[in-house]
Amino acid sequence: MTSPEIIEIKTDVAVIGGGTAGLNCAMAAAESDCDVLVVEKANIVRSGSIAGGIDHFMAYMENGEDWDSREAYLGYVGRVAKGASNLKIHEKVYCDELPAAIERIESLGISLRDPRYPNSQDFFRTQSMGQPGPYWINFDGKKLKPRMAREVKKRGCRVLNRVQVTNIFLHNGELAGLTGFDIRTGDFYLIHAKSIIISTGNTNRMFRTQNGNPFNLWYCPANTGDLHRAAYDAGVELANMEYVRMTIVTKGFSTPGFNAFFGMGCKLVNSLGESFTKNYHPMGDKAPRNMMVWGALQEIKEGRGPIYMDARHLSTEDLDHLFKTLGTDKDTLPDYLAAKGYLKDGAMIEMTVSEPMQARPSELCGAGIKIDEDCASNVPGIYAAGDAADQMGCLHMCTTGGFAAGKAAAVYAETINAHRPIDMTAIRAERERVFKPLGRNSGSHYSEFENVVRIISSDHFGPVKTELSLNAALDKLSGIDDERNNLRATNMHELMRCHESSNIHQVAKIMANAALARRESRFAPYHYRADYLEQDDDNFCGLIGISKGADGQAQTRFEPLEYAI
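Heads up: the sequence shown runs through residues -18 to 546, numbered per our numbering.
Keep in mind the hints are simulated off the structure, nothing from the lab. Everything numeric in this text was worked out from a predicted model, so none of it was measured. There could be a bad hint or two in this list.
Estimated spans, in silico, between C-beta atoms of each pair [unchecked claim]:
no. : residue 1 : residue 2 : range
1   : P202      : V392      : 32 to 38 Å
2   : N197      : E84       : 21 to 27 Å
3   : P361      : S423      : 48 to 54 Å
4   : E448      : R60       : 28 to 34 Å
5   : G154      : K282      : 19 to 25 Å
6   : D214      : S296      : 49 to 55 Å
7   : S423      : E395      : 46 to 52 Å
8   : P(-15)    : N398      : 19 to 25 Å
9   : S296      : G254      : 43 to 49 Å
10  : P202      : E515      : 32 to 38 Å
11  : W48       : D519      : 38 to 44 Å
12  : H152      : T(-17)    : 28 to 34 Å
Derived pair list, reagent style DSS-like, types lysine-lysine, alpha-carbon separation capped at 30 Å [to be verified]:
no. : residue 1 : residue 2
13  : K311      : K321
14  : K123      : K321
15  : K321      : K305
16  : K135      : K69
17  : K(-9)     : K69
18  : K123      : K(-9)
19  : K305      : K123
20  : K248      : K305
21  : K63       : K282
22  : K232      : K248
23  : K73       : K529
24  : K(-9)     : K135
25  : K417      : K69
Don't be surprised by glycine CBs; every beta carbon is placed ideally from N, CA and C.
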């Protein structure tokens, strides 16, 4: 095809990814005098992990209860996310921003109050995931994403929808800009920016799913590690990349629902009707997510599967609320449950363990761009927020941390007098690379290539891994490099998928290399080394940082974390 012209745009702060974190970044940056541009692969009105809606927000409320204070909450973080959450950063990006974040959500016309009763001024709070008390605020967040999108535009931010970012460009080791293409029209953009915030979520579609459909996932299938890969290639250090995250989902249909089920008091039982979760953690069905998944895997392994969600003991009122809130994240889940014949009264819903994904090991940290207390990476001008950062995740931290990142990136941009120069020869080469799949008559289709990546990842570094399996994965993933560079596309949609598949493949390599460096088990089964069965706090209570070396190979380092609380 004929190369499209290069459309150049200048901005102060470019937010890459218009999900929850990205839109909070944009709102914050817009409060300064900076020009703000949001670049989103889909459409900011309904994109990212809460595109369909959300029903829980984690918060301590300082209401006088021992467990409901900042100090008690940080103690909980230190216990449940030990070795992955940096408490100093957590305080800065979450605790310091929390009161304003709650006010901001409600200022958008989204009530955080009890959704069961109209005009209620009370919060409906539930407990799960190892919490010492009910930190989860249950609310109706069906319209949260559109309201945030409207607010971003109201504050004067520019938006580029349907643009997939392809690479980041530096000048003398500092940010200069980025490139991307419109996934519908093929327009090619060069965006000059003084600072950028990466808020593109985690990496999905890397592992086999329970029903064989790579797009029926617990999380957003459009999150494919695009900026994890681009940042890594630009010299940005990543952290917490060794973890694979899983949850408990309905059999045959992966969707959020864990928190709704267990927050309302449902019990996980095996095929004998036995409640088994206390066999694996003293908090039973209120245990941290990873321990619930671990227990389910062991029950199935020992021949006591399938597993079921037992809601038979819930009151009629609680059942009504449960089945209503299950549709907040994904509209079709209640329809699926009805089609399967699960009635509200006496429900025993068959469940299973979800597909793994590249993501944080806890609701109290993240996995991705390694950030400091200002949400900055090791490369000047590059910031990160939300699930794309190593210290954020979930709605609560995407809201608070996104705003913190937006403020910090704007402050940095104001110190830069002029945009840094970009080598146009490199931009023209990038344009050629981006569109090359469209000119190929031969080569692999993205779906074929991506399926091979899923097979390798699932077989070699899913819930169980060893040094042998990880090295085998790296050998096999490297063995298909030539195929990755020879993908073909017949239209813009397939071109987008080619780049997504390529990014998934390269992030898989990053994950396997990081997992090799963590010679222990932590957050099992999210990082379970069959050759290092125990958690080793003496040597591995901290972060595995991974970056691209001068020779192009992955290099890792260990950064210890302290937990005085």
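Results of checking the hints against the structure:
no. : hint                        : verdict
1   : P202 <-> V392: 32 to 38 Å   : holds (35 Å)
2   : N197 <-> E84: 21 to 27 Å    : violated (36 Å)
3   : P361 <-> S423: 48 to 54 Å   : violated (42 Å)
4   : E448 <-> R60: 28 to 34 Å    : holds (29 Å)
5   : G154 <-> K282: 19 to 25 Å   : violated (49 Å)
6   : D214 <-> S296: 49 to 55 Å   : holds (54 Å)
7   : S423 <-> E395: 46 to 52 Å   : holds (50 Å)
8   : P(-15) <-> N398: 19 to 25 Å : violated (31 Å)
9   : S296 <-> G254: 43 to 49 Å   : violated (21 Å)
10  : P202 <-> E515: 32 to 38 Å   : holds (35 Å)
11  : W48 <-> D519: 38 to 44 Å    : violated (30 Å)
12  : H152 <-> T(-17): 28 to 34 Å : holds (29 Å)
13  : K311 <-> K321               : holds (16 Å)
14  : K123 <-> K321               : holds (24 Å)
15  : K321 <-> K305               : holds (17 Å)
16  : K135 <-> K69                : violated (33 Å)
17  : K(-9) <-> K69               : violated (34 Å)
18  : K123 <-> K(-9)              : violated (34 Å)
19  : K305 <-> K123               : holds (12 Å)
20  : K248 <-> K305               : holds (18 Å)
21  : K63 <-> K282                : holds (27 Å)
22  : K232 <-> K248               : holds (16 Å)
23  : K73 <-> K529                : holds (28 Å)
24  : K(-9) <-> K135              : holds (20 Å)
25  : K417 <-> K69                : violated (45 Å)
In this structure, the hints that do not hold are numbers 2, 3, 5, 8, 9, 11, 16, 17, 18, 25, in rising order.
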